[in-house]
Amino acid sequence: KQEVTQIPAALSVPEGENLVLNCSFTDSAIYNLQWFRQDPGKGLTSLLLIQSSQREQTSGRLNASLDKSSGRSTLYIAASQPGDSATYLCAVAFGNEKLTFGTGTRLTIIP
Amino acid sequence: NAGVTQTPKFQVLKTGQSMTLQCAQDMNHEYMSWYRQDPGMGLRLIHYSVGAGITDQGEVPNGYNVSRSTTEDFPLRLLSAAPSQTSVYFCASSYRQGRGNTEAFFGQGTRLTVV
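In the order they appear, the protein sequences are chains A and B.
Counted the way our numbering counts, the first sequence spans residues 1 to 111.
Counted the way our numbering counts, the second sequence spans residues 112 to 226.
Hints were generated in silico from the structure; no laboratory data involved.
You may find that some hints are simply not true.
What the hints assert, rightly or not - Label pairs and their in silico Cβ distance ranges:
hint, chain 1, residue 1, chain 2, residue 2, range
1, A, Ala79, B, Pro119, 36 to 44 Å
2, B, Ala113, A, Ala10, 27 to 35 Å
3, A, Ala79, B, Ala193, 42 to 50 Å
4, B, Val199, A, Pro82, 20 to 28 Å
5, B, Gly164, A, Pro82, 43 to 51 Å
6, B, Gln133, A, Ala29, 31 to 39 Å
7, B, Gln128, A, Val20, 42 to 50 Å
8, A, Gly60, B, Lys125, 40 to 48 Å
Backbone N, C-alpha and C define an ideal beta-carbon position, used for all residues, glycine too.
Just need the whole structure built from these sequences, with the hints factored in.
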């Protein structure tokens with residue numbers, strides 16, 4: 001079964017620190033991988049999309065990497081801010097258009 | 112830009128009632144999908160559509176129906192609500208690209224409680 005795992009489920013970090021969120025997946029034959037942010041009671045906001053042919057994507061303080069051979073992606077957040085507090089979700093398209101989601105990492109940035 | 116619009120935002124149903132969750136997008140996306148989000152289980156795909164007139168089942172389709180008569184709209188119908196359908200429902204859309212899709216855009220969700 002194709003699965004996506006995000007560990008840890010929750011993470012607290014002091015403001016200003018750099019941090020890494022992890023996403024692992026069971027099948028290397030992916031089409032693309034997408035990172036989302038979800039604020040409490042809200043919908044999902046797309047942060048970065050990495051195609052299977054890419055190794056990384058950057059947007060502002062965010063950098064996402066993809067290593068298909070090891071089945072891993074990381075989301076790097078530089079110089080964290082309290083406004084970065086949210087749940088971060090990883091979703092993988094395993095060879096087609098359907099997305100399989102991880103259960104997310106709830107990030108708290110401590111002022 | 113409106114993006115993906117879901118209505119209603121909140122709904123309480125009695126067991127056995129039926130209702131339709133509405134989803135509309137104004138980006139001319141071919142691909143639309145419905146997910147439910149439950150604590151500890153992540154988002155699970157209910158139904159999806161790759162274009163007008165074409166729908167298919169996802170991971171958890173039982174108890175739900177969909178149709179896609181236009182590119183813009185993709186309503187989700189609960190036939191006979193059950194407490195197990197208490198959840199937050201999200202609609203999403205994206206362009207099709209090759210065998211997969213481009214970036215997915217999500218609506219704000221519908222929080223449904225079945226009593």
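Here is what the structure says about each hint:
| no. | hint | in the structure |
| --- | --- | --- |
| 1 | A:Ala79 - B:Pro119: 36 to 44 Å | 39 Å, holds |
| 2 | B:Ala113 - A:Ala10: 27 to 35 Å | 33 Å, holds |
| 3 | A:Ala79 - B:Ala193: 42 to 50 Å | 47 Å, holds |
| 4 | B:Val199 - A:Pro82: 20 to 28 Å | 25 Å, holds |
| 5 | B:Gly164 - A:Pro82: 43 to 51 Å | 47 Å, holds |
| 6 | B:Gln133 - A:Ala29: 31 to 39 Å | 35 Å, holds |
| 7 | B:Gln128 - A:Val20: 42 to 50 Å | 46 Å, holds |
| 8 | A:Gly60 - B:Lys125: 40 to 48 Å | 47 Å, holds |
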